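Novice: Protein chains in written order, with this note's numbering: chain W, 1 to 549; chain R, 1001 to 1449.
To be clear, the hints were calculated from the coordinates, so they are not data collected in a lab. Misleading hints may appear alongside valid ones.
[What the hints assert, rightly or not] To spell it out: a stretch of chain R is covered by chain W in this simulated footprint if at least three of its residues, at any positions, have a beta carbon under 8 Å from a beta carbon of chain W; those stretches are:
hint: 1; stretch: 1105-1118
hint: 2; stretch: 1213-1224
hint: 3; stretch: 1401-1409
These numbers were taken from a predicted model, which means no experiment stands behind them. For glycine and all other residues, C-beta sits at the position ideal for the given N, C-alpha and C.
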Amino acid sequence: MADPEKPLTADEIAKLEIKNDETVSKKYDRQIRLWGLHGQERLHNAHICLLGAGPVGTETIKNLVLPGIGKFSVIDGEKVTNRDLGNNFFVEVSSVGKSRAEETGRLLHELNGFVEKGGFIDQDPNHLVNNNDEFVRDYDVIIANNLPDATLVKLGEQCSKWNKKLVVIKTNGLLGLVRLFANEHRVLESKPDGEKWDLRIQTPWPELQAYIDSFDLDSMLADLQKFSPEFTHVPFTVLLSKLITQWKATHDGKCPETEEDKQAFLQSIISLGKSYSISDNFREAKNYKYLTWVPYEIPYETQEIFDDEKCNNINEKSSKFWLLARAVRDFYQNEGNGHLPLAGNLPDITAKPDAYTTMQRIFREKAEKDWQSVKSHLQTLLKSVNKSPDDIRDEDIAFFCKHTSVMKVFRFSPVQNEYDSTKINKEAIEWWDENGKWYLAFRAAGRFQAEHGRLPGDRNDDPQADFENLKKVAVQLQEELELDVEEVGLDDYLKEFCRFGGCQIHNTCAFVGGVASQEVIKLVTKQWHPVDNTYIYNGITGTSAFFAV
Amino acid sequence: MAGLEGQWEDVRRLTERSGPFAHKDFEPSPMCLKWLQEECRVLCVGAGGLGCELLKDLALVGFRNIDVIDMDTIDYSNLNRQFLFRVADVGKSKSVAAAAFINKRVAGAKVVAHHARIEAFDDKFYQSFHVVVSGLDSVNARKWLNSKLVGLSALSPDESGWDPMTCIPCINGGTEGWKGETRVIQAHFTPCFECLVDLFPKEPFNFPMCTYAHTPRQPEHCIVFAMEKAWPDAFGPDKKWDGDNEKDITWLMNAAIEHANKFGLQGVTYKLTQGVVKRIIPAIASTNAVISAACANEAFKVLTFCHNRLDNFMNYSGNGGCNTNVVSNALNSQCLVCGCEPLDVIFDRDATLQDFIDHIIKDTGSFSSFKNPVLSWPEDDEDDHDSPYIYVPPGTIWHKKTVGNLEKTMKELLGDKGAIVLIKEQGNLKLNLLSIKFTELTAEEQESS
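Excised from the complex, chain R in its bound form (with noise of 0.2 Å):
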């Protein structure tokens, strides 16, 4: 279906004509939309609440060559809003059944779908899109992602600074219940997704152990303590329960109530259960609809120029009244994916390598994303070390040469001065650098020493 003749006609009066309000390098010119139609590519990861929509929009604002990733299945709970699915299609692939229902019914749509995860794919895939509109639903997930894509920016040849067609911009959506949020980001243009990982709303239900054992009030706390203790106790450690398997749910349901009766506690019920135990988030076609609506238009504005784009990050609140809320996030320069700079930490010249290293795993602050920590020294140092490495976790011959340095203390290893030094998490390849300062020297220290 090459041209349905007028087919285009609305999207056309964007892209071949300019107003007040376009963006400053908007070229208004048939061209536009035979680029996005022909040679551009968008990369759709999800299908379920926010990508069927996704794909819907992208399709009707004139986007053709589309891909989606999804390794998910259809659920009978998911069609109050994945729209694109029907009852005959639960258990199979969403991303199948999104491609296939918007192929047959967008003219002109050539969506490609795959039934696999993100981190199937290397760098040659995701460099080969112009734009990444996400509809993930987990954090790790998209951290993964922005990884990987801030990972393929690169240096312009004259290495003054970044090269934006190396910086695939990627739109970001997220919902839950009725609020929502939409981000653009482009990677060293604007924040990243790990410069602001802060913000992210934390994981609920996580209660204290002496809560939930102990002084349990709510049904949750007790739902909770079947999960972490009765299951455990009567399972062992290294079986998890199945979210999906009734039989699990309500074996976990039994254990809270017996829990709850101890305390005389009322209110534990199967689906109270199966939503703490499932971490469910409500979810509604409306709120999926604005969220989805917003990124499918940046994706549009960023590849068309037709109008400026968001600038970078906004907040959807429907439910008391209906608002959003524009916010210009500043680049996080010691973000642990795309910043440049070192990480600050001050510690004791005495204290050993191994307290520093105990100190690295237990924070929950920047250094939160290192549970194993690998230490090197940056290529450039000219001192004379034994290796290039610090300490290297168990795992490598490294870490036999350089478990020794763990009693060392940090004035031994670092000078006296303190260094700069090279950190990562053991298994990831992307490296910080860790400008290690020692606390000031008291009057008396500094003549004893």
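Excised from the complex, chain W in its bound form (with noise of 0.2 Å):
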């Protein structure tokens, strides 16, 4: 721990403040950790555009300029007042009268070094919206800080249109929303929390069969008498690979099927343990046996891409993605047999180092191996639509491999159609849920103030005066939604919204701002799965829900 009372000198701070790769390495070592080195050069390349620099917008801001997103800008058109100080930690007493584009700018670009400032605008976004129709070209992802309905139509026309991704912010009292929108987001590297492993182990190919082969159990048990420790460290693999065999050769070439046939199963690997039956490479076999009878299935994300009409139609547009999915399908119909190449990597197991290592040779050659018949795959594609074998790299070529158990293609239902009764998804509204009916609360909150210049209870005397309009357009929203008003019962909650009356309370925009934050990151670093495509947070109970309309 440094000294406190030794601080750097003038010389130390200087040289941390330029950003280099040194610099960037050791500032945002703890980020870097989650999403890589490759993962924060997409972030340095990003433009994001604030549109509205009201709390919740400030606060996403401020949870990408700390990661170091490579450029913002901020478009709004008020002057701070002192409200804004109540609930904006990016603004100062200095500021009130001030532009609050400039000074929310100002004081979030304060907060790194490293982060390129972008244009700080003061001018209504509503204004820029309805006047610019190409103004969201000169960014990557647009942030949408509590607009109104036609606003958000228009802006969801314009994202659709230049290919931009958009993250709708809405926050009400304790009630919060974020919704997201992309034409097309493609992630390799979803992440998942429960990692599935491809061990092949109903399907060994030659060299691991002769791997598997290589163990001699009996001979080894005649040593355990010796002492040598042989025979508790043989993979789990190659403990249920025999077992298998054994299995299928005596019950018709089938593997277990029944629950009978399960336990008996558990019961040879038990018999094969003999004592040594609860050491820890039997125990994996124990945890695992359900690897040699559940079939191998390819994920139904990865078959919607072997499905999809940009996988059927391969011409000279197509993209890399979509070239190496199909050269990938390709595979799967063909030398594949009904199987992705494979990923190659292993979990930790139970084995001697040198057993270890060399099963982790013998998978990485094979799925060398299957990269190059997809690569061939590849290069008759490319062919076909006269380009060069070589326009894609090979560490490219394996990296699509060694995620095509994990691949998800994400199309956003465009923001516009949520607001036309007729293109909505209805049915993914839960309006059973108490966090439906807060998003329906927000959508009746829009009408009104499309219908009134205001949001409901956004006025100094009785607040609840406004409950019999709200109740109003949310009983014609609702019937557009084809919804029974009495069974949803919303009352209560929109007179909860005439109560918040459209006050941003910083605490929900904290919460929200790191939520649109975190799906930003998702969608610039295109890792992990992003919120298909509407997130509300309840911020009296603590709950969520999620759905996509």
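Two chains, two frames, a set of hints: combine them into the complex.
Specialist: See the structure below:
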């Protein structure tokens, strides 16, 4: 720990303030451990635009400036007032009276000297959206902060047309909402919590079979009497492979099917282990025994990619992703024999180090062989669309192949569709759940705003005086969505919205700002799965809802 | 800056207006915010990843009298999320820098910094707060704070129950990568931290010695070998490496590589070594923002009653989609810190006291906190005993007086039916009741006894 009595010298400070490989690696160490340098590079190349500098927007940007997005811009037409001092961290007392875009932009930018300043523009975002259909082209991601329905519809159309990512954020009292849009968002690095391993226990290839055969269990057991630890370090994959071969030989070539079968198979593991059946490798064999009978299946996300129109129709405009997807599909349908190319990575398995490294080598070699097959399909495809067969690098092919069992393509429904009751995905709205009701309350409040020029309850006298009018538009909305108004029972939710009156409570804004920034990071780094497409946060109960409208 | 007119307009919509979702005891009134700003005292424990966010959140929802405790100084790698600090602050005290920043930025905020350990403060200090918000990162520190706050709780004057005014609410936050949790703890009304300590994620990189020494397969195994074997072999058992010292990390990395080479393993890098040695948990601004906001939100609700509070444990996950999950955990009546029921144990009547104590020490379940247990008789025990203590470990005069008991059988010491005794860990104040029963006698044994 550094000594608080010895602050850094001016020289040391100056060195740390320069953005270079070393300072980036040190400053961003804790996050690079999550998304890697390649993820960090993608952040460095992103330009984010914030429309509306109220607190939920500035909190979102804060969480993007700190980890080092490339550039950000702020567009807002308001002047800073005293009220901003009570909910927005990125204004100070001296900001009052000045442009909110400029003040928040300035105070956000000073968080991280590695980030480039975009434009801090004193303009009403509604005015910008209505008068410049192409402004989104300057940015990669647009963040729409508590904008009215009509603006969101137009903005949605612009983002669809110019292929930009849109993140809509709304906050009212203790309720918050995040809604994402992208035309087509392709993820290879899904990084699911429970990693899936492709161990081919049911279908070993010849080299793997030879490796399995090299373990002579009988002679090991004899040796064990001389205290050799070989037997208790036979990899569980080898144990299961040997047992399933035996099983199939006595069961008509079939894997365990009934519950009885599975119990019997478990018994065979224990019998094989004899008095060593509680050692780590046998314990692992028991835990993973299902790998011997669960049939190999490709995930539905991968099947969706194979069935996609863009995978079928390969042409000059096909992107790298779809060319690779098609090459993998061709492999899958031919040499792959219904298997995806082997990813090649192994979990940690109880084994002797040399047995483990040998197994790693065998898996790596098989993976490389599969990638080579995929590569030749790819080269055929590239030639067919008049491109050079070397257009896609080996490392990109390998990277793609490693992720074929976790890849996913997202096609978000357009934001403008949500505001058209004939196009919104009605079935997705969870109206029976309290947080689905809060979604309806947000939508009703938006309609009220369109009619009255302000949010319900945003008045200094009795806020509940807006309830009747709010209820009117809410009933109309629910009828359009084919919902039974009595069954939904929205009155209390609408009354609470009147109580809130559109107030911006910092904690709600900080929570939603955290979620929104996390989604932007996922969209920009192309890692993990983003919310598809709406997330509701309920700060009263701490619960959430998510659905795809 | 007494008041900038209109500053708190948004918060006042919560405190001066009611609605169907307000807490049943809520009374909308200007007095609510006035009390929050003038009388209320909140303690923020930690000024790091969660702490910076917490201070901002508390200040911007109306709290003014905020104390913050943190014993750390600022590191360059903190700057990707601990946004109250700048490059020029590296090396300085976190609590001091954080307090200064908030006081300068938020009109009305009066944050007081304490560059110290939480253990440096006494009961009177902790009792002076209306709510405690915790952004600590170590399990032990959380346990200490929990123990302290639960220890402050007292029965109501008529002894009919616990006096809620003495049970200071503690809002606990924790994060790791894309995941986090928020809990509302109020001694005897909700589970305390210790009630649920088994749920806490275990420490990573705890490999058995036979793995890392003899059958390593992963670079992490080799690094642990360097830490647990190569280093003490080279420097003796008393010299510990310093995770913040680049030379030490380099030494460990090289020792790990040497070990890895013996087994044909690859992948030991400086970064990986640093990660394992310092048990680095990846950390990002967005998750810290989410969890801190949830914590500050709860602190606000608990004191204003504007809405019901979280009941009582929220888990957050942001990597696959986004979701929160709220669980209403129940109190653990046998909790070592807040529980009122005795811990049960069944033992062999013919075993010795030494056997029993060994059993307690080796236990990894309910008794895992006891490494040097002190056993004594409850005050209201009518039996005539030689001394109030059954056994005291070495270190005091009572050890000599009780060491002879170690050879005696449990039946001899406790009587035929077993007994209820007190157990505590030497050096701690907390006493727990232990109900020791013996295994049922077989018919044969009954006859012969």
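Novice: Hint by hint, say whether it matches the structure.
Specialist: Hints, verified against the model:
1. Given a C-beta distance limit of less than 8 Å, the hint that chain W covers the stretch 1105-1118 of chain R holds, as 4 residues qualify and 3 suffice.
2. With a threshold of 8 Å between beta carbons, the proposed coverage of the stretch 1213-1224 of chain R by chain W holds, since 4 of its residues qualify and at least three are required.
3. For the stretch 1401-1409 of chain R, the assignment as covered by chain W is violated, since 0 residues bring a beta-carbon within under 8 Å of that chain's beta-carbons and 3 are needed.
Going through the hint list in order, the structure does not satisfy hint 3, though it satisfies all others.
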